[in-house]
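Novice: Here the protein sequences come in this chain order: A and X.
Taken in order, the first sequence gives residues 6 to 280; the numbers are from our numbering.
Taken in order, the second sequence gives residues 5 to 305; the numbers are from our numbering.
Wrong hints could be hidden among the right ones.
[Stated by the list, open to error] Cβ pair distances, simulated, as ranges:
#	chain 1	residue 1	chain 2	residue 2	range
1	X	K225	A	E228	56 to 66 Å
2	X	N71	A	S57	56 to 66 Å
3	X	K123	A	L255	23 to 33 Å
4	X	K221	A	A182	53 to 63 Å
5	X	R129	A	G181	27 to 37 Å
6	X	L14	A	I189	32 to 42 Å
7	X	A241	A	L84	22 to 32 Å
8	X	K225	A	A55	51 to 61 Å
[Claimed, not checked] Reference listing, derived: stretches of chain X covered by chain A, where coverage requires no fewer than 3 residues with Cβ under 8 Å from a Cβ of chain A:
#	segment
9	22-29
10	129-139
11	220-231
12	237-244
13	248-255
14	279-293
Hints listed in this document are in silico derivations from the structure and should not be mistaken for laboratory results.
Idealized CB from N, CA, C, for every residue including glycine.
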Amino acid sequence: MEKKTSPKQKNIKIVIGLSALTFIFLLAILAPFIRPYNPMEINLSRLLEAPSLKHPFGLDENGIDIFSQILYGARVSLLVSFVVVFINLLLGLILGSVSAWFGSFTDQVLMRLVDMVSAFPRFLLALALLAMMGSSVFNLILALCLSGWAGFARLVRAEVLHLKTEEYVLSALSSGASAIRVLIRHIWPNLLGLLLVQAAFSLVAVVIAEAGLSFLGLGVPPEIPSWGRLLSSGRQVLAEAPHVSLFPGLALFSLVLSFQLCGDGLRDFFDPAST
Amino acid sequence: MYRRLLLSLLALFAVSSFSFFLIHLVPGDPVDLILGEQASALDREQMQKNLGLDQSLGKQYGKFLINLLKGNLAFSLHSGEPVLKMLVRTFPATLQLAFFSLLLAALWGIPAGIFSVLKKGWWDRSFSFFSLLAMSLPVFFLAPVLIWFFALKLSWLPVSERGESIKYFILPAVSLALPLGAVLLKMSRAALLEVMEKDYIRTAKAKGLSHFETGWKHGLKNALTPIVTVLGLQSGALLTGTVIVESIFDWPGLGLLLLEAIQKRDYPVVQGAVLLISGIYVVVNLLVDLIYIWIQPKMSF
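Can you make the complete structure from the sequences, with help from the hints?
Specialist: Written out as structure tokens, the structure is:
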């Protein structure tokens with residue numbers, strides 16, 4: 006096999022991915038302190054002004070500073086993607102474990118449910134729900150949580166089924182430990198790597214879905230600055246003001262890329278064979 | 005295999021039930037939302053009848069399913085046109101776009117993935133790097149960039165709308181095919197790499213064949229199954245990608261129909277479009293699994 010990358014080379018992806026992510030996180034948290042302008046302040050005399058020293062990313066169609074909006078937009082993107090992936094992970098972990106541990110009827114029912122949920126195209130499911138329920142950050146999170154857990158559940162189930170027969174698990178059980186204790190103490194810690202990798206790739210999917218739904222006007226409501234909404238107003242003024250599309254697009258691209266790098270790096274780290 | 009078919013039927017049932025209950029997720033009275041609060045009692049009653057809201061939920065649901073089996077969908081609230089007719093009219097545009105994009109993606113992604121494994125080294129690294137970048141490009145960012153450069157700056161290609169000439173296909177299809185091809189690259193590379201570790205490859209190498217030759221003559225054939233599977237699975241995902249692309253390029257397909265219906269609160273059309281797109285998704289996934297069983301009879305479900 007030629008895949009003999011040195012450990013150092015492997016970690017480079019995680020290092021770059023995590024540093025970029027930390028940087029974006031800091032910008033989002035510190036947004037109120039570093040923003041040069043109020044992201045709500047409308048300036049009708051200077052619509053669509055091109056980037057300048059005062060406004061590094063220019064102004065949008067309402068004369069609002071784009072740089073400030075991008076800083077705030079990071080908050081929504083990070084909030085939605087992490088909350089959604091966290092909930093999906095937790096649901097998948099619990100349902101997958103229950104399914105594998107109890108087997109028989111419970112397993113059958115849960116797995117058919119997983120199959121059913123996976124039969125829906127995820128993005129369309131969220132889109133349809135939001136179109137009906139109306140757009141709000143809460144509804145957005147709810148809509149994206151509805152299907153994402155199925156992948157986690159399937160993964161966890163397969164792994165728990167396998168670990169269930171390990172000797173250390175059997176010996177813990179025979180020495181009187183309860184099922185819940187065995188799951189928490191002996192099985193879940195072994196799932197960490199697998200779940201982290203899956204979580205990173207889910208973050209990629211969710212952050213793109215969130216921005217895509219906001220781009221279509223169905224995700225984050227227009228009064229909250231978001232990258233998707235900026236991109237959608239940029240689309241209308243592409244000829245006169247390409248900067249309105251460019252900068253939020255680059256912001257989204259860097260966030261997606263850093264999730265992607267974290268995922269690739271984590272997988273190389275936890276499961277070198279599959280690269 | 006029967007289990008697999010049964011599963012698809014179950015999924016189709018779930019999809020249609022979902023699209024039925026969608027309309028009941030609308031907060032408040034849908035009739036108020038459509039007609040406004042000032043509507044006359046007569047109008048309201050008629051609308052309620054049209055939507056079937058005057059009956060009990062169970063009855064409505066049963067009627068919906070029976071109508072669905074007969075191929076009857078509701079009527080558009082705006083134009084009064086049968087929803088089915090609207091779907092039939094817009095579907096070919098989406099199908100053409102999806103097919104063309106998938107073809108384009110497969111044409112660059114799969115050879116690039118195979119080439120990465122056969123050539124190794126520098127080629128492999130640059131392709132991997134490129135695919136990483138391409139996969140991180142959301143279509144609603146890539147498409148505006150392409151439009152700006154190729155349509156507005158260079159004026160080589162039309163901005164939007166749809167015409168007979170292939171020129172109209174290029175920008176929307178490339179926007180979809182670039183990230184999709186990157187996924188195919190990654191997957192076909194992984195599939196071939198896995199095969200290259202097998203014993204028979206080692207035997208072939210021991211007989212003196214070069215890495216390139218073994219991969220080309222013995223590896224590729226065996227990596228085709230997983231590659232075909234990925235291609236099929238991605239074509240399902242492609243259908244949802246077309247929704248966004250159609251909105252960007254004013255492409256008169258299912259996606260645009262769906263989005264316009266959402267804006268106009270034309271719920272029966274939304275229902276129909278969601279039903280059709282998810283239905284196709286279920287069927288495509290079924291076909292992929294069947295092809296998989298067909299190429300690899302060892303597998304069953």
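Novice: Given a hinted range of 22 to 32 Å, is it respected by the beta-carbon distance of X/A241 and A/L84?
Specialist: Hint holds: Cβ distance 25 Å, inside 22 to 32 Å.
Novice: So is the segment 279-293 of chain X in contact with chain A by the C-beta rule, three or more residues under 8 Å, or is the coverage claim wrong?
Specialist: holds (count 5)
Novice: A range of 56 to 66 Å was offered for this pair. Does it hold for the Cβ distance of X/N71 and A/S57?
Specialist: Once the Cβ atoms are compared, 60 Å apart, the range 56 to 66 Å for A/S57 and X/N71 holds.
Novice: Counting residues of the segment 22-29 of chain X whose CB is closer than 8 Å to a CB in chain A, do you get three or more?
Specialist: Held - the segment 22-29 of chain X has 5 residues with a Cβ nearer than 8 Å to chain A, which meets the minimum of three.
Novice: Does the hinted range 27 to 37 Å hold for X/R129 and A/G181 at CB?
Specialist: The hinted range 27 to 37 Å is violated for X/R129 and A/G181, with Cβ atoms some 53 Å apart.
Novice: Holds or violated: 23 to 33 Å for the Cβ distance of X/K123 and A/L255?
Specialist: holds (32 Å)
Novice: For the segment 248-255 of chain X, do three or more residues have a beta carbon lying closer than 8 Å to a beta carbon of chain A?
Specialist: holds (count 3)
Novice: Mind checking the hinted window 56 to 66 Å against the Cβ distance between X/K225 and A/E228?
Specialist: At 57 Å between Cβs, range holds.
Novice: Checking C-beta pairs, does the segment 220-231 of chain X have three or more residues closer than 8 Å to chain A?
Specialist: n = 0 at 8 Å, threshold three: violated.
Novice: Quick check on a hinted range of 53 to 63 Å for X/K221 and A/A182, using CB atoms only.
Specialist: For X/K221 and A/A182 the Cβ distance comes to about 55 Å; the hint holds.
Novice: Against the range 51 to 61 Å, how does the distance between the Cβ atoms of X/K225 and A/A55 compare: consistent or not?
Specialist: holds (55 Å)
Novice: Can you confirm whether chain A covers the segment 237-244 of chain X, using C-beta to C-beta distances below 8 Å and requiring at least three such residues?
Specialist: holds (count 4)
The structure fails to meet hints 5, 11 from the earlier list, while all remaining hints are met.
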